[in-house]
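Protein chains: 2
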Amino acid sequence: MIEARICIVGLGLMGGSLAQALRGQTLATIGVDAHAATRQQALADGTVDFATDDMATGVSTADLVILATPVHSILDALALLPQIRPAGCMVLDFGSTKQAINAAMSALPETFSAIGGHPMCGKETAGYQSADARLFEGQTFVLTRNERTTTAVEAQVLNLLDQLGAQPLFLEAAQHDELVAAVSHLPYLLAAMLMRQAASRNDEKVWQISASGFRDTSRLAGSDPRMMLDILLTNKTAVLAELATYRNTLDQLVALLHEGDEQALVTWLAEAQQGHVAYRRHKDSPTP
Amino acid sequence: MIEARICIVGLGLMGGSLAQALRGQTLATIGVDAHAATRQQALADGTVDFATDDMATGVSTADLVILATPVHSILDALALLPQIRPAGCMVLDFGSTKQAINAAMSALPETFSAIGGHPMCGKETAGYQSADARLFEGQTFVLTRNERTTTAVEAQVLNLLDQLGAQPLFLEAAQHDELVAAVSHLPYLLAAMLMRQAASRNDEKVWQISASGFRDTSRLAGSDPRMMLDILLTNKTAVLAELATYRNTLDQLVALLHEGDEQALVTWLAEAQQGHVAYRRHKDSPTP
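Chains as they are written, first to last, in the working numbering: chain A, 1 to 288; chain B, 1 to 288.
In short, the hints are calculated from the structure, not lab data. A few of these clues could be false.
Remember, identical chains collapse to one label, so a pair may be satisfied in a single copy or spanning two.
What the hints assert, rightly or not - Calculated lysine-lysine pairs in the BS3-like style (CA-CA distance at most 30 Å, straight line):
(1) Lys205 - Lys236
(2) Lys283 - Lys236
(3) Lys283 - Lys205
(4) Lys205 - Lys123
Given the structure is predicted, the values throughout are model-derived calculations rather than measurements.
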């Protein structure tokens with residue numbers, strides 16, 4: 001049970017899943033969403049107690065405001081909060097990059113206590129209709145402290161993660177952004193490039209001949225472009241660094257293939273397989 | 001029912017799945033495999049009627065020989081067949097690239113009738129223990145004709161695909177190799193590069209923070225390096241062409257990110273998403 005009135009701003013995949021996971025576990029859940037159909041559905045299925053398209057109304061009586069929109073909108077909301085909620089409250093966000101958001105949280109008046117969050121889970125489909133109350137279960141949830149982080153907001157949010165079944169992982173915002181560039185933003189861009197290249201053939205046979213390997217490698221290309229734009233622009237330095245390293249790896253691979261040195265090539269491929277083994281080992285028995 | 005004695009050379013993922021799918025549907029199934037444990041298991045579970053590590057013995061009484069080993073071993077086997085099976089027989093292979101194999105099939109004596117095959121399915125785990133009798137069900141199975149292809153072998157193999165529930169797709173060998181470079185070999189190399197880059201951080205946090213997007217995009221990195229080496233070396237021209245195009249796309253993306261032109265970037269990302277939509281549309285209702 002969360003002894004708080006919670007206002008969730010954005011009832012998309014993340015906010016909707018959160019609201020569903022907390023059903024009946026809060027003093028009240030208030031949903032803020034621009035789409036009338038989403039508000040109606042969340043009210044109709046009992047996921048929220050109150051729904052509005054006006055953020056000022058939504059946050060007015062909340063103890064904890066959770067911002068679950070794309071990064072750019074989270075930054076807009078943080079800029080607005082001091083005016084629309086002058087008494088202050090607790091704030092958590094679900095943004096995919098953390099440095100810009102943490103700076104904005106640190107700039108909030110001292111009446112606010114705030115902590116950055118990023119649930120390490122998702123789907124390539126967006127929106128309330130894709131929401132899933134068990135989305136966060138067993139998943140890593142990154143928390144990033146800033147100058148407005150208090151023990152009170154930390155305790156409240158850890159209690160919330162406990163309700164969701166998520167595993168908290170405290171990281172510096174810069175460290176988070178660098179790691180997600182490697183394991184989230186780079187994979188997205190590779191998938192997008194792969195999909196553009198296959199689609200540019202304009203040949204149905206390319207789909208016909210494609211199997212599960214292509215399906216999985218290209219899956220992230222289906223992500224929402226606006227959401228991904230926000231992520232890339234607020235994590236540009238780390239993403240460009242990952243792409244530069246990737247380009248070097250690509251050049252190295254092309255040289256190996258041109259030379260046709262079988263031993264060097266098979267070693268290179270085996271190192272990738274060993275990486276996969278190490279990764280699977282971690283996922284099968286995570287470090288505590 | 002297949003009115004033939006079938007010899008399957010290689011009881012790995014592909015050959016093992018084939019043998020299991022055909023259980024009780026042939027006049028006899030003979031398995032050839034170098035591993036004693038695999039032969040014993042396939043005999044014990046009733047998947048094959050006879051098992052040997054000697055290809056000459058295995059093919060001696062077979063009407064149809066199916067070569068289900070890595071490409072290099074298929075080429076070795078095709079070179080050997082005229083000596084060990086002088087009377088000739090029908091031949092099908094399951095190799096991942098088709099031009100070198102089709103040339104070798106065309107060079108067989110006229111006592112042989114042969115057709116190239118490539119089931120467009122798989123797993124990143126190899127071996128008989130990963131075999132699955134339903135692996136081919138509903139999947140595309142490419143067939144490539146060569147100078148030894150007769151109506152008889154074509155009919156026999158189409159009957160076999162019917163038993164497996166696979167969908168035949170006739171392609172020229174060169175066309176096949178170009179298409180799989182785009183939807184199979186390129187995705188594998190992207191996954192391998194991604195995995196090498198993530199693993200090179202030597203930081204358990206990189207695994208801890210990774211979610212389903214990384215899991216799927218990097219999955220193919222777990223593929224067997226020896227098998228992939230064969231594939232890359234027998235499809236070098238097409239693979240290098242795909243990598244060159246990919247490198248251009250990467251340079252284009254890096255330039256867009258550097259410039260930070262939001263409209264151009266979001267258009268670029270949206271085109272990738274549209275490609276994904278077209279792909280999913282095809283897979284959800286395939287062209288007949």
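These are the hints, each one checked on the structure:
Taking identical chains as interchangeable, the C-alpha atoms of Lys205 and Lys236 lie at most 30 Å apart only when they sit on different chains, with a minimum of 21 Å there against 36 Å within one chain. When the C-alpha separation of Lys283 and Lys236 is checked against a cutoff of 30 Å, the pair qualifies only within one copy, where the shortest distance is 28 Å, while the shortest distance between copies is 34 Å. Only between protomers do Lys283 and Lys205 lie at most 30 Å apart by alpha-carbon distance; the minimum there is 11 Å, versus 36 Å within a single protomer. Both within a single protomer and between protomers do Lys205 and Lys123 lie at most 30 Å apart by alpha-carbon distance, with minima of 27 Å and 21 Å respectively.
Hint check: no violations occur; every hint is consistent with the structure.
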